[in-house]
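There are 2 protein chains.
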Amino acid sequence: MMRLMRVTFQGERGAFSEEAARRLLGDRIELVPSASFEEAFRRLRRRDVECGLLPIENTLAGSVHENYDLLLRYRLPIVAETRARIVHNLIAAPGVKFGQLRRVFSHPVALGQCQNFLRRNPRLPPVPFYDTAGSVKMIMEQRLADAAAIAAAAAAGIYGARILRRGIEDDKENYTRFFLLLPGKGPRPKLPRLGRPDKTSVVFATPNVPGSLFRSLAVFALRDINLTKIESRPLRGRPWEYFFYLDFLGSPEEPRCSNALRHLKELSEFLHVLGNYPRARE
Amino acid sequence: MMRLMRVTFQGERGAFSEEAARRLLGDRIELVPSASFEEAFRRLRRRDVECGLLPIENTLAGSVHENYDLLLRYRLPIVAETRARIVHNLIAAPGVKFGQLRRVFSHPVALGQCQNFLRRNPRLPPVPFYDTAGSVKMIMEQRLADAAAIAAAAAAGIYGARILRRGIEDDKENYTRFFLLLPGKGPRPKLPRLGRPDKTSVVFATPNVPGSLFRSLAVFALRDINLTKIESRPLRGRPWEYFFYLDFLGSPEEPRCSNALRHLKELSEFLHVLGNYPRARE
Numbered sequence: 001m002m003r004l005m006r007v008t009f010q011g012e013r014g015a016f017s018e019e020a021a022r023r024l025l026g027d028r029i030e031l032v033p034s035a036s037f038e039e040a041f042r043r044l045r046r047r048d049v050e051c052g053l054l055p056i057e058n059t060l061a062g063s064v065h066e067n068y069d070l071l072l073r074y075r076l077p078i079v080a081e082t083r084a085r086i087v088h089n090l091i092a093a094p095g096v097k098f099g100q101l102r103r104v105f106s107h108p109v110a111l112g113q114c115q116n117f118l119r120r121n122p123r124l125p126p127v128p129f130y131d132t133a134g135s136v137k138m139i140m141e142q143r144l145a146d147a148a149a150i151a152a153a154a155a156a157g158i159y160g161a162r163i164l165r166r167g168i169e170d171d172k173e174n175y176t177r178f179f180l181l182l183p184g185k186g187p188r189p190k191l192p193r194l195g196r197p198d199k200t201s202v203v204f205a206t207p208n209v210p211g212s213l214f215r216s217l218a219v220f221a222l223r224d225i226n227l228t229k230i231e232s233r234p235l236r237g238r239p240w241e242y243f244f245y246l247d248f249l250g251s252p253e254e255p256r257c258s259n260a261l262r263h264l265k266e267l268s269e270f271l272h273v274l275g276n277y278p279r280a281r282e
Numbered sequence: 001m002m003r004l005m006r007v008t009f010q011g012e013r014g015a016f017s018e019e020a021a022r023r024l025l026g027d028r029i030e031l032v033p034s035a036s037f038e039e040a041f042r043r044l045r046r047r048d049v050e051c052g053l054l055p056i057e058n059t060l061a062g063s064v065h066e067n068y069d070l071l072l073r074y075r076l077p078i079v080a081e082t083r084a085r086i087v088h089n090l091i092a093a094p095g096v097k098f099g100q101l102r103r104v105f106s107h108p109v110a111l112g113q114c115q116n117f118l119r120r121n122p123r124l125p126p127v128p129f130y131d132t133a134g135s136v137k138m139i140m141e142q143r144l145a146d147a148a149a150i151a152a153a154a155a156a157g158i159y160g161a162r163i164l165r166r167g168i169e170d171d172k173e174n175y176t177r178f179f180l181l182l183p184g185k186g187p188r189p190k191l192p193r194l195g196r197p198d199k200t201s202v203v204f205a206t207p208n209v210p211g212s213l214f215r216s217l218a219v220f221a222l223r224d225i226n227l228t229k230i231e232s233r234p235l236r237g238r239p240w241e242y243f244f245y246l247d248f249l250g251s252p253e254e255p256r257c258s259n260a261l262r263h264l265k266e267l268s269e270f271l272h273v274l275g276n277y278p279r280a281r282e
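Chains A and B supply the protein sequences, listed in that same order.
Residues 1 to 282, numbered by the working numbering, are exactly what the first sequence covers, in order.
Residues 1 to 282, numbered by the working numbering, are exactly what the second sequence covers, in order.
No wet-lab data here; the hints were simulated from the structure.
On a predicted model such as this, the values are computed, not experimentally measured, just so you know.
Any given hint could turn out to be false.
Any copy will do: because identical chains look the same in the list, a pair fits if it lies in one copy or spans two.
[To be verified] Cut-off 30 Å, straight-line C-alpha distance, at most; resulting in silico cross-link-like pairs (DSS-like, lysine-lysine):
#: 1; residue 1: K199; residue 2: K229
#: 2; residue 1: K265; residue 2: K229
#: 3; residue 1: K172; residue 2: K137
#: 4; residue 1: K229; residue 2: K190
#: 5; residue 1: K265; residue 2: K185
#: 6; residue 1: K137; residue 2: K97
#: 7; residue 1: K199; residue 2: K172
Sequences are here, hints too, so could you generate the full structure?
And the structure:
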């Protein structure tokens, strides 16, 4: 039998990241939960797993800044991106009826994204918990008959729980974007065909002089290269200066993009290409 | 007797925000703690207080994204900024000796910023708590003789506790920038002289076409106006599009700045001036 590709993600089994990993990589994978984002990066660097799927931004909550910082610190290559719609479900133990519920556990971000549902059901006070899927695991382990959890549908399947209400999130335009990371330069695991790399992520720091960021963006604008995201993060040890993370459409294999990167390097104190990967299409 | 100006901030009495408020506004103020950032904004809008001091970025942790979102939602004017060095202190009840301590309570961010100290003292396991100053309040109320808290020096004074170790943070380049907000356009409270407004914060959204951000920054670069910060936040309801928050040096009273703002408006789908204030000098 073929050994399954090991994929790490942050959270308990049944997390949204796990759903996204299966959609991107198929079912022939072994999922390895990591307690924190940094643990996932460490597992990758030690090559305990072949790849990792980490969230980078959500259309409501914004960027996952910790992962931006970890991308720079660990320098693990991004080889794919994927986007998943976040559907929150009310989940309880089998046999538990909606009318029996007296509280709802979930991660504070998930509770915040289901405020309309919680307001319509004031007899279900929200209880913050460390993880969405972890809250399903807990109500099942403790056999709570008066409590539900808010989590991904996958969590119900994994822990043998039942979905009582589907899609209870306030805003349907709730998507998370994930990066697929590899441990480093070595041999690549066999990934499904994801298409030709046509998107690139970089991080750079400019000298602290007026107009620096403008000149950095000119590198792309002058070559008609589209930017899709810019993010700034503090530069440690240099208060009130920043790293910039940029995503652009194109690949360093195209001359205009390799020229743009050479030009950006000329203007930057620091430049690192985080990855070049096929853009998510859906 | 003159009524004191009421100033709200997030956290318990003795928070870093309280220290910053006293440094900016002096001692003739009454401090009104708010349980959350949004509660502080609501108090301001209801005019329960004359002003509020809210953190916007930290040189290690980055931007306080929730406050960026609230600035846009509540549209309360920024009238000053201030920067404070964050000094973490180990605080315990009077009479408690360092050797008696068996655990340390604080907010997870503060615990994370004192990792070297905690590593050197493995018999003091960190215990995450909801608030820095709140952890001092708790060890005093519960009269814990084996526990310390990590918090601002002001918290020791307020709750009658003692500082056992000063400046236990890993990185001395730890600063937080705060905005002073008013309830709205009405009559201004009597603020100390802070200097001439020479810095401006705006938020804008550009049409989703290539080169938009580059053209927006050109508005400033072409007029030699220095940008000091750019931050992007997701645009609700339009996945993968962003609001941009910009700080620049200059005031709309200068023609080059008012021209720049008119030019930016021409290029933007949306533009709002969040405030015009004297830059922090220290």
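Against the structure, the hints:
no. : hint           : verdict
1   : K199 with K229 : both (11 Å within a copy, 26 Å between copies)
2   : K265 with K229 : both (19 Å within a copy, 21 Å between copies)
3   : K172 with K137 : within (25 Å within a copy, 41 Å between copies)
4   : K229 with K190 : within (29 Å within a copy, 42 Å between copies)
5   : K265 with K185 : within (22 Å within a copy, 46 Å between copies)
6   : K137 with K97  : within (18 Å within a copy, 42 Å between copies)
7   : K199 with K172 : within (26 Å within a copy, 38 Å between copies)
Violated hints: none; the structure is consistent with every hint.
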